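S.K.: Here are the chains, one letter per residue:
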Amino acid sequence: MHWGCPKCGLLNPSEMALCSCGTAHRRTFEADEHTAETGSRAVDPTSKADPAIPMPSPELSLEFHGSAREYFRIWIVNKCLTLLTLGVFSAWAKVRRKRYMYSHTTLGGTPLQYLGQPIPILKGRLIAATAFLLYYLSSHFFTSLLPYVVGAGAVAAPWVMVRSAAFNARYSAFRNMTFHFNGLYPDAFNVLYVWGVVPVLIVICIVAARFGGRSQVGFAVGVTALIFMVSFPWWMKRLKKFIVERSSYGGRKGAFSATGGQFFKIYFISFLIVLAVAIPSGALANYLVGPKNSFFSFALLAPIYLGYVLAFAFVQSRSGNLVWNHTVLGPIRFQSALRCRDLLRLYVTNALGIVASLGLLIPWAVIRTMKYRAETMRVMLEGELTEFEGSDLSMVGALSAETVDIFEMDFSL
Amino acid sequence: MTRVEGHYYDGLNPVCVSAGMDFSDQEATLTAGAVSERYAISHLRISPRIGSTGRFITLPNGGQFACADCVFLDSVPQESLLEGPVAWLEERWYIALACIVIVYSTLLAGYFFGLPAAATRIVAHIPMQAEQPLGKQALSWMDGKGWFKPTNLDFDTRIPIRNGFEGLYKDLPSKDYYRLEFRSSKVLGPNALALPGGIIVITDEMVKVAASMEEVMAVLAHEIGHVELRHTMRSVLQNSVVGAATAMVTSDAASLSVAVAGLPMLLAQTKYSREFEAAADDYAFRLLRQKGYSPAAFASLMERLAKKDKKQMGVFAYISSHPMTKERVAAARAAAKEVSTTPVR
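The listed protein sequences derive, respectively, from chains A and B. When you line the first sequence up against numbering that gives the first Met the number 0, it's residues 0 to 412, in that order. When you line the second sequence up against numbering that gives the first Met the number 0, it's residues 0 to 344, in that order.
Isolated chain A, as found in the complex:
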């Protein structure tokens, strides 16, 4: 019989009183206290006879151990090599960066593992760079081709999303078992473009712009923009739901229970924040500087930018909490407690530090952001980790054996 360590989730043989992370088995712990009281007595024999019931660990501790000093060296060396190889090394740099971040994140005492290989990442980057070059050339030089390039990009977008999610899931592992993402193109298309309604609305706007009068264009664009703005929270919810529910680990799929209304509340409040900052500051700028002064636009833009940063921190903290707190993966539940004011302080100090150090503090900013993220996240275990069952395919070792899919590539940064 084994007992699960409440701190790290490690399954220890019942004869071991201490887990390797230093936590004592509760039963043994009580016995130890008893021993301390009575002096020389050994472990209570009755408790030993009692069959050790596997203790459901209430929480898997999530910790980030990265250090800014160490990461700085890794960061600068990889940047230097990337620069000297004109960007080719960036794929290797990304792999090393992700491995560093994953391996310094421990869940239940075990580090996460990133398994992505540089070549598929390099391939993804080359394709992304080609696509960007095509877009750049057509938007600057061959404008007649632009609609086709944008159209092709729109057709490819769901595919890119699915491939990247699949790549990142497949090459992320915990305890020798990889994650999976099995979303398909039609589903992603459906989620991104809402059964194709989005492209239809955009086409209507373009047609109106080409053949209609000024009022028709204004009407079409106005109605479309309003529809997009109001329905954006629901779109976001569908997107998150798609990603969570198509992801799986050890045969258990994720479940997502947040509602569009909850997302709407967050975005609506952030909209009010921007208004609450913009309107008084606009009035103040009008009063102090006057709209004719060339300083007016600056006096107006600076507070609006601050309002935007505030709203951004609000959305990041609240939607981050919403998504994680409504995500369940088998017996695992998450508790995220991001706070708007903490994120705001983090963003502002990061930006100031980076600018003042001419970029040298970027690694520091990255590490402290990761630390904050890990500190505010709790992983609760409501059951047994043995509910996750791996297969021969989900083992880390299986990845090298199979032939590499030519479309296996990563497009994310």
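Derived by calculation from the structure, the hints in this document are not laboratory data. Computed from a predicted model, the values in this text were never measured in an experiment. Hints should not be assumed to be uniformly reliable.
What the hints assert, rightly or not - Sample of chain B residues facing chain A (criterion: CB under 8 Å; computed from the structure):
#1 Tyr8
#2 Val14
#3 Cys15
#4 Ile49
#5 Ile99
To be verified - What the simulated footprint calls covered on chain A by chain B, stretch by stretch (three residues with Cβ under 8 Å from a Cβ of chain B suffice, anywhere in the stretch; the number is not a length):
#6 94–106
#7 171–177
#8 361–372
#9 379–388
Stated by the list, open to error - Estimated spans, in silico, between C-beta atoms of each pair:
#10 A:Glu374 <-> B:Ala129: 51 to 61 Å
#11 A:Thr348 <-> B:Leu265: 14 to 24 Å
#12 A:Leu359 <-> B:Leu265: 16 to 26 Å
#13 B:Gly242 <-> A:Ile226: 28 to 38 Å
#14 A:Pro279 <-> B:Pro126: 53 to 63 Å
#15 A:Val206 <-> B:Gly242: 25 to 35 Å
#16 B:Pro59 <-> A:Val273: 56 to 66 Å
By construction, the Cβ of each residue, glycine as well, lies at the ideal position given by its N, Cα and C atoms.
Model the placement of chain B on the given structure of chain A, informed by the hints.
M.R.: Okay, now just chain B, sitting in the frame of chain A:
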């Protein structure tokens, strides 16, 4: 025999079992609970070292042994051959310092010298014809947007300007591509712009501000400078390389704060555009002298524009897109004093 302590994961359940691995010359023995297995070391796959992160050893049976980083593991054959030397570099502070020097000096040298020189060379190989559709598109876009209205200048005002303009460009390398457009513009105020492909637009407001034909010629010579030096193409090239480089360097920070990536890029690009203005000025002064005009006209016009600008000329006034008036006026006056006749290429 070297023993490494760690944990064993069978890959069938995410359950952690305390384990140890004993390495001899050729073989490694895993002991995890009741399990004890022996493997040839060459069949193990050992994950690369990155800083102080733990290491993962993939076993032939599909299981995995994870342990803290230890020096011994580097003496065993590695999964990735390239990454060993990289890890070696990453561990040393003096290498990190050298990398700081290399990265910053490469970026600065590229920015100040390499990129402008490379862009000038590349642009010389792009035919002027390639730019022409761009200029036409830009002009019709601005016309369509209502930035420009048809000119209100009468024929008698336009003819001498047109003739003077022809006189300015008739010996220049791009002489076949020039086109002068008159427009009236409330939005842009007194202004002149060089569009790609040799189209030069001058606003009625600018013609009215100018006190003499010489001043109009000074403005046009400046715009001719932009065309001859291919500034549109150069700015497209240079700004996109700056954008790509900023994105590469700040990629980790981009998600942290938008301002971090946006601000340096904006500053970097502003500097280039100021350089272009200075270069076009310089070109214009030489051209004016060669054609018998005085660069002093440029100075007097700039001063008048600067004065007008203070009386609210609108956001897009010529002066706001052409900063550093004082320095430029001084340069023009200095150029006017020089009695050299260096021919314009």
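S.K.: Evaluate each hint against the coordinates.
M.R.: Going down the list of hints, with the structure as the test:
1. Tyr8: holds, 4 Å
2. Val14: holds, 5 Å
3. Cys15: holds, 4 Å
4. Ile49: Nearest chain A Cβ about 5 Å off; hint holds.
5. Ile99: Nearest chain A Cβ about 6 Å off; hint holds.
6. 94–106: Holds: 6 residues of the stretch 94–106 of chain A have a Cβ under 8 Å from chain B.
7. 171–177: n = 4 at 8 Å, threshold three: holds.
8. 361–372: holds (count 5)
9. 379–388: holds (count 4)
10. A:Glu374 <-> B:Ala129: 51 to 61 Å: At roughly 55 Å between Cβ atoms, Ala129 (chain B) and Glu374 (chain A) fall inside 51 to 61 Å, so the hint holds.
11. A:Thr348 <-> B:Leu265: 14 to 24 Å: holds, 22 Å
12. A:Leu359 <-> B:Leu265: 16 to 26 Å: holds, 20 Å
13. B:Gly242 <-> A:Ile226: 28 to 38 Å: Distance hint for Gly242 (chain B), Ile226 (chain A) holds at roughly 33 Å.
14. A:Pro279 <-> B:Pro126: 53 to 63 Å: This hint holds: roughly 55 Å between Cβ atoms.
15. A:Val206 <-> B:Gly242: 25 to 35 Å: Holds - the Cβ-Cβ distance for Val206 (chain A) and Gly242 (chain B), about 33 Å, lies within 25 to 35 Å.
16. B:Pro59 <-> A:Val273: 56 to 66 Å: Distance hint for Pro59 (chain B), Val273 (chain A) holds at roughly 58 Å.
Checked against the numbered hints given earlier, the structure satisfies every one of them.
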